[in-house]
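Peer 1: Note that the working numbering gives residue 211 to position 187 of the sequence shown, counting from 1, and the numbers run on in steps of one.
Since the hints were made in silico from the structure, they are not lab data. Certain hints may be false.
To be verified - Quick list of in silico lysine to aspartate or glutamate cross-link-like pairs, DMTMM-like style, CA-CA up to 25 Å:
{"no.": "1", "residue 1": "Lys-44", "residue 2": "Asp-74"}
{"no.": "2", "residue 1": "Lys-44", "residue 2": "Asp-102"}
{"no.": "3", "residue 1": "Lys-31", "residue 2": "Asp-43"}
{"no.": "4", "residue 1": "Lys-31", "residue 2": "Glu-415"}
{"no.": "5", "residue 1": "Lys-44", "residue 2": "Asp-333"}
{"no.": "6", "residue 1": "Lys-31", "residue 2": "Glu-349"}
{"no.": "7", "residue 1": "Lys-44", "residue 2": "Glu-73"}
{"no.": "8", "residue 1": "Lys-44", "residue 2": "Glu-34"}
{"no.": "9", "residue 1": "Lys-31", "residue 2": "Glu-337"}
{"no.": "10", "residue 1": "Lys-44", "residue 2": "Glu-322"}
{"no.": "11", "residue 1": "Lys-31", "residue 2": "Asp-333"}
{"no.": "12", "residue 1": "Lys-31", "residue 2": "Glu-52"}
{"no.": "13", "residue 1": "Lys-31", "residue 2": "Asp-51"}
{"no.": "14", "residue 1": "Lys-44", "residue 2": "Asp-385"}
{"no.": "15", "residue 1": "Lys-31", "residue 2": "Asp-317"}
{"no.": "16", "residue 1": "Lys-44", "residue 2": "Glu-345"}
{"no.": "17", "residue 1": "Lys-31", "residue 2": "Glu-345"}
{"no.": "18", "residue 1": "Lys-44", "residue 2": "Glu-314"}
What the hints assert, rightly or not - Now the in silico label distances, taken between C-beta atoms and shown as ranges:
{"no.": "19", "residue 1": "Glu-288", "residue 2": "Leu-168", "range": "44 to 50 Å"}
{"no.": "20", "residue 1": "Gly-273", "residue 2": "Glu-175", "range": "35 to 41 Å"}
{"no.": "21", "residue 1": "Phe-37", "residue 2": "Ser-320", "range": "17 to 23 Å"}
{"no.": "22", "residue 1": "Ser-320", "residue 2": "Val-72", "range": "26 to 32 Å"}
{"no.": "23", "residue 1": "Arg-262", "residue 2": "Ser-320", "range": "22 to 28 Å"}
{"no.": "24", "residue 1": "Ala-326", "residue 2": "Arg-266", "range": "34 to 40 Å"}
{"no.": "25", "residue 1": "Glu-90", "residue 2": "Ser-122", "range": "28 to 34 Å"}
{"no.": "26", "residue 1": "Asp-268", "residue 2": "Val-323", "range": "19 to 25 Å"}
{"no.": "27", "residue 1": "Gly-81", "residue 2": "Ser-320", "range": "35 to 41 Å"}
{"no.": "28", "residue 1": "Pro-170", "residue 2": "Arg-84", "range": "45 to 51 Å"}
{"no.": "29", "residue 1": "Gly-285", "residue 2": "Val-378", "range": "52 to 58 Å"}
{"no.": "30", "residue 1": "Glu-175", "residue 2": "Ile-85", "range": "50 to 56 Å"}
{"no.": "31", "residue 1": "Arg-162", "residue 2": "Arg-266", "range": "19 to 25 Å"}
{"no.": "32", "residue 1": "Ala-66", "residue 2": "Asp-89", "range": "43 to 49 Å"}
Remember, it's a predicted structure, so these values are computed and weren't measured experimentally. Note that CB positions come from ideal geometry on N, CA and C, so glycine has one too.
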Amino acid sequence: MSDLAFKARELDFGDQLADKRAEFVLDEVVYLDGNSLGALPASVPGRVEDVVRRQWGELRIRSWDESGWWTAPERIGDRIAPLVGAGAGQIVVGDSTSVNVFKALVGAVRMAGERRDEILVDATTFPTDGYIAESAARMTGRTLRPVTPAEVPGALSDRTAAVLLNHVDYRTGRLHDLPSLTAAVHGAGALAVWDLCHSAGALPVGLDEHGVDLAVGCTYKYLNGGPGSPAYLYVSRRLQDRFDSPLPGWNSHAEPFGMRGDYEPAPGPARGRVGTPDILSMLALEAALEVWDGVSVEVVRAKSLALTDFFLECVATYVAEGRVESLTPVRHEERGSQVALRCEDAGDVMRRLVERGVVGDFRRPDVLRFGFTPLYVGFADVERAARVLGEILG
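Construct the entire structure; sequences and hints are all you get.
Peer 2: Written out as structure tokens, the structure reads:
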């Protein structure tokens, strides 16, 4: 046994989250793509069967009341809230991340007022956020200005209405400074909108603590909600009575069954709803979130950093010098829960890794991306992944 393999065994022995692995459906594959799609929690299939066979099949429409379907968006939002540092009554679940980005950004611009005519957007963002921001700017008559997160403080002015930022860069895994950037945005009198897709469930976020105005995130990555599971929208309690959604629907009406011709927004997080919730995937998500019972996000973060540190150590040992270059920051305060390696012929390398039972993903043109989900990834997985990578790269 190599020194690193022995070290992996020792680290696994001391892992506070080791028992959580049994709550997921796993096999012998080293799964390092949970930053794209989380593994299946073992409780989900039975819950979905009950929803389909009993709640839908037997109770049918009665389930909106008797099975709690109607209140699911807010109820599940309250389950997510502790994972992102939010108090209850500020998160609603539903729609896609893209739709929620649109709601949050346009809502922020409307609250900022007509005199502020510029939107700042993370120039390194996931493409959809950029597309949505460009459309929101056109629809609200604002100018869109792409800047990197590091450039935000210097780009802010009394023209800035809102700033849309990613907490973690989806390609490199760089963690941006949410507290200081939010404070800078507020110092300019603007509103901060954060995309949490690559941080929620992997590290502490602190939405309430740091005064974030609005935030959105998906649930199928580190929250393990399943493919296409609904996203969520956070609107700070201090802004809820001012939040003017650009997508008012009957579900967000103060009297949804009043069928009135005039729109009156519901109070609280329900103001972020639009239409009929996707109940099947929403209740699958609710079951998936049970794996977080009794789990501290701080413990998750500590293991995440230990996993990524160990992976970088193993790569440095097993992979010949010069074959890969890490794009992920070394400093813990700048690192999310993934490692991105630049590599020649990265697409072919990832294909060969998958054939050898190590699943990550490839980002064009030359990036190998490995996500570390602390609830089910162990240190032996990390050692094996780096060792196989070294063998493939010769």
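Peer 1: Failing hints, ascending?
Peer 2: 15, 16, 19, 26 and 32
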